[in-house]
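In order, the protein sequences belong to chains A and B. The UniProt record's numbering applies: residue 1 is where the first sequence begins, and numbers increase by one. The UniProt record's numbering applies: residue 1 is where the second sequence begins, and numbers increase by one.
The set of hints was computed from the structure by calculation and includes no laboratory data. Some hints here could point you the wrong way.
[Stated by the list, open to error] Keeping only pairs whose Cα atoms sit at most 27 angstroms apart, straight-line, the calculated DSSO-like set for lysine-lysine is:
#	chain 1	residue 1	chain 2	residue 2
1	A	Lys101	B	Lys43
2	B	Lys40	A	Lys101
3	B	Lys190	B	Lys264
4	A	Lys101	B	Lys37
5	A	Lys104	B	Lys318
6	B	Lys132	B	Lys238
7	B	Lys38	A	Lys101
8	B	Lys135	B	Lys37
9	B	Lys141	B	Lys222
10	A	Lys104	B	Lys190
11	B	Lys222	B	Lys264
12	B	Lys141	A	Lys104
13	B	Lys43	A	Lys166
14	A	Lys239	B	Lys190
15	B	Lys238	B	Lys141
16	B	Lys132	B	Lys40
17	B	Lys238	B	Lys222
18	B	Lys40	A	Lys166
19	A	Lys59	A	Lys104
20	A	Lys166	B	Lys264
21	B	Lys175	A	Lys47
22	B	Lys323	A	Lys104
23	B	Lys323	B	Lys264
24	B	Lys175	A	Lys104
25	A	Lys59	A	Lys239
26	A	Lys166	B	Lys37
27	B	Lys132	A	Lys104
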Amino acid sequence: MKEKRNAADIVWTLFLLIWTVSILFPLIWVFYESLKTNREFFQDVWKLPQVMNWINYEKAWQGYGIGQAMINTVYYVGFSTLIGTFLTAINAYILTRLEFKGRKLLWAAIMLSLFLPGINALVPQYILMRDLNLTNSLTGLIVLDSLGESAFFLMMLSGFMLSLPKELEESGYMDGASIFQVFFRIILPLSTAGIVTVAIFKILGLYNNFLSPFIYLSDPVKYTIGVAMYQASIMMQYKADWVTLFAGLMITLLPLVFMYVLLQRSIMEGATLGAVKG
Amino acid sequence: MRASQGLGPHPTLERKGKDILTEMLIKERRLGNGWRKKEKVQKLVFILIGLIPAFGGYVLFTLYPNLLSVYYSLLDWNGINAKRFVGLQNFIYMFQDTYVWRALWHNLIYMITIPPLVILISLLLAYLLTSKNYKGNSIFKVIFFFPNVLSTVAISLLWAFIYDGTFGLLNAGLKIIGVDIGNFYWLGEKSTAIWATIPPSVWGMVGFYFVIFMNAMTTIPKSLYEAATLEGANHMNKLFQITIPLIMPIIRVAALFLMLGVFKGFENIMILTNGGPSGSTDVIGLYMFNIAFGGGSQSYGYASAIGMLLFVVMVGAKLIIDKFTANRSAEF
Numbered sequence: 001m002k003e004k005r006n007a008a009d010i011v012w013t014l015f016l017l018i019w020t021v022s023i024l025f026p027l028i029w030v031f032y033e034s035l036k037t038n039r040e041f042f043q044d045v046w047k048l049p050q051v052m053n054w055i056n057y058e059k060a061w062q063g064y065g066i067g068q069a070m071i072n073t074v075y076y077v078g079f080s081t082l083i084g085t086f087l088t089a090i091n092a093y094i095l096t097r098l099e100f101k102g103r104k105l106l107w108a109a110i111m112l113s114l115f116l117p118g119i120n121a122l123v124p125q126y127i128l129m130r131d132l133n134l135t136n137s138l139t140g141l142i143v144l145d146s147l148g149e150s151a152f153f154l155m156m157l158s159g160f161m162l163s164l165p166k167e168l169e170e171s172g173y174m175d176g177a178s179i180f181q182v183f184f185r186i187i188l189p190l191s192t193a194g195i196v197t198v199a200i201f202k203i204l205g206l207y208n209n210f211l212s213p214f215i216y217l218s219d220p221v222k223y224t225i226g227v228a229m230y231q232a233s234i235m236m237q238y239k240a241d242w243v244t245l246f247a248g249l250m251i252t253l254l255p256l257v258f259m260y261v262l263l264q265r266s267i268m269e270g271a272t273l274g275a276v277k278g
Numbered sequence: 001m002r003a004s005q006g007l008g009p010h011p012t013l014e015r016k017g018k019d020i021l022t023e024m025l026i027k028e029r030r031l032g033n034g035w036r037k038k039e040k041v042q043k044l045v046f047i048l049i050g051l052i053p054a055f056g057g058y059v060l061f062t063l064y065p066n067l068l069s070v071y072y073s074l075l076d077w078n079g080i081n082a083k084r085f086v087g088l089q090n091f092i093y094m095f096q097d098t099y100v101w102r103a104l105w106h107n108l109i110y111m112i113t114i115p116p117l118v119i120l121i122s123l124l125l126a127y128l129l130t131s132k133n134y135k136g137n138s139i140f141k142v143i144f145f146f147p148n149v150l151s152t153v154a155i156s157l158l159w160a161f162i163y164d165g166t167f168g169l170l171n172a173g174l175k176i177i178g179v180d181i182g183n184f185y186w187l188g189e190k191s192t193a194i195w196a197t198i199p200p201s202v203w204g205m206v207g208f209y210f211v212i213f214m215n216a217m218t219t220i221p222k223s224l225y226e227a228a229t230l231e232g233a234n235h236m237n238k239l240f241q242i243t244i245p246l247i248m249p250i251i252r253v254a255a256l257f258l259m260l261g262v263f264k265g266f267e268n269i270m271i272l273t274n275g276g277p278s279g280s281t282d283v284i285g286l287y288m289f290n291i292a293f294g295g296g297s298q299s300y301g302y303a304s305a306i307g308m309l310l311f312v313v314m315v316g317a318k319l320i321i322d323k324f325t326a327n328r329s330a331e332f
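Just chain A, with the same shape it has in the complex (with noise of 0.2 angstroms):
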């Protein structure tokens, strides 16, 4: 069915096309900006730089220690998205797919965790860190991030367990397999699409997460990159070295940038899978 098209319609494209300039002319922005000198900057901030100032990227990884903060972010995000993947992987499999007493109450107590905002525990939570020496430090954060139950992710792993066919199962233990084998050999390979979901989920909140790393590292060699970025845009109300920082928000983007655009269909349907569940 063909329209007219009309004044409103004109308005409406307008709209659509004004938020996506808002979308990316900033980031655009921040990056051209970022290949200039500082001189350049000051004086027009919006002529495009006369000589690409890669320098600027080397500044930053290294004056500002955001090559030291990416190489933390990998160690505590990698880490923990193994570990706690795996975890979440098994525990799906154990609470929705085998049968035990308490395996209700269990599940019960999991879902109490949707109720619980959070922010009221962040004190305790600190004291029990530091009472378990496990404060300023990346592999401490890794304990915090990696064990423990997400409600999330287990209602998003479990539905897709629960639609295995349980014969699969059943045959596997006619032909004497123990519940290991049948566990890593047949559930975890058929479970993979969900599994990788849940990883990439894991990958960008922890890459993303700034407040407990914030509260848990004090010192700046264990820096992740958002708090590296944010102590690098403090120092910069004293320093003025604008186009470094420039870069820095630059790399910081990058890696997520590149996820998003090989993964961007199956982080839309996840993150909104969650908003049904979640």
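Given chain A, work out where chain B should sit, using these hints.
Coordinates of chain B only, in the frame set by chain A:
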């Protein structure tokens, strides 16, 4: 996709006892009693190995601190000195603390501005993309969702650059269209700071709700719109008389979730202004955070008392949400 899935009893686990019995008989016959016992032990070991790290961590790092926060809220304690039990004194002080009320007032401002803006913009964008076949619809979708994967730090820094008085994008843009307001620091002036912190939040959240609304809108049958067009309805009529009423349950849930998120969120404010200038953007979460972790003297007891206030408000609101969503659990 049903929202209730995963919450209720699981169909496969609710199988009739008869099935399980026959299954067991088959296994007994095949494997004999010794095998059966070994299998049981293996299952127990598997369950323990799988559950202990995750559930133990959950109890230790989530449930226990939540319980402890009740106790801490009754203490006068700075984390170093000996704990002193003071009963409800923290709460009495809290209700007399003008900074608490000021912060709550700012929370209220955010709660009545950000959710409506997010919902309005995402509804419009979703409607435009579903009702018309623009070239590159999917590209729009990908771009609109993008801010949702950015961290609060990245979004806040980006907007700090936009708002900067001397070199910011906003003032430079205004100059181009002929509005020269000099080196006005949007985040540095008491009169504008709170309003300037709203757009970054809206900008960061629209993408998510846009996709949710768009998914909901694609389930509305095309024939409804066609009939309306034949009767001479324009886009505004269709949006307000067909689309919005049909996805109202989802809009309502979205509004409540947004309000809750805005109420407890404070990272963006912390990075943009840290509550300043002179407290004009302070929110309750940030006030609590700064009492506990900010510079100066710490008061874990008082911070926990404010945490309890947040807890009560959030849980109360959650219960209300569940009541709202129970009748029709948002089938997106």
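Hints versus structure:
no.: 1; hint: Lys101(A) / Lys43(B); in the structure: holds (12 angstroms)
no.: 2; hint: Lys40(B) / Lys101(A); in the structure: holds (13 angstroms)
no.: 3; hint: Lys190(B) / Lys264(B); in the structure: holds (22 angstroms)
no.: 4; hint: Lys101(A) / Lys37(B); in the structure: holds (17 angstroms)
no.: 5; hint: Lys104(A) / Lys318(B); in the structure: holds (22 angstroms)
no.: 6; hint: Lys132(B) / Lys238(B); in the structure: holds (13 angstroms)
no.: 7; hint: Lys38(B) / Lys101(A); in the structure: holds (18 angstroms)
no.: 8; hint: Lys135(B) / Lys37(B); in the structure: violated (64 angstroms)
no.: 9; hint: Lys141(B) / Lys222(B); in the structure: holds (20 angstroms)
no.: 10; hint: Lys104(A) / Lys190(B); in the structure: violated (53 angstroms)
no.: 11; hint: Lys222(B) / Lys264(B); in the structure: violated (39 angstroms)
no.: 12; hint: Lys141(B) / Lys104(A); in the structure: violated (40 angstroms)
no.: 13; hint: Lys43(B) / Lys166(A); in the structure: holds (16 angstroms)
no.: 14; hint: Lys239(A) / Lys190(B); in the structure: holds (25 angstroms)
no.: 15; hint: Lys238(B) / Lys141(B); in the structure: holds (21 angstroms)
no.: 16; hint: Lys132(B) / Lys40(B); in the structure: violated (60 angstroms)
no.: 17; hint: Lys238(B) / Lys222(B); in the structure: holds (12 angstroms)
no.: 18; hint: Lys40(B) / Lys166(A); in the structure: holds (18 angstroms)
no.: 19; hint: Lys59(A) / Lys104(A); in the structure: violated (55 angstroms)
no.: 20; hint: Lys166(A) / Lys264(B); in the structure: violated (42 angstroms)
no.: 21; hint: Lys175(B) / Lys47(A); in the structure: holds (15 angstroms)
no.: 22; hint: Lys323(B) / Lys104(A); in the structure: holds (23 angstroms)
no.: 23; hint: Lys323(B) / Lys264(B); in the structure: holds (21 angstroms)
no.: 24; hint: Lys175(B) / Lys104(A); in the structure: violated (63 angstroms)
no.: 25; hint: Lys59(A) / Lys239(A); in the structure: holds (14 angstroms)
no.: 26; hint: Lys166(A) / Lys37(B); in the structure: holds (21 angstroms)
no.: 27; hint: Lys132(B) / Lys104(A); in the structure: violated (47 angstroms)
When each numbered hint is compared with the structure, violations occur for hints 8, 10, 11, 12, 16, 19, 20, 24, 27.
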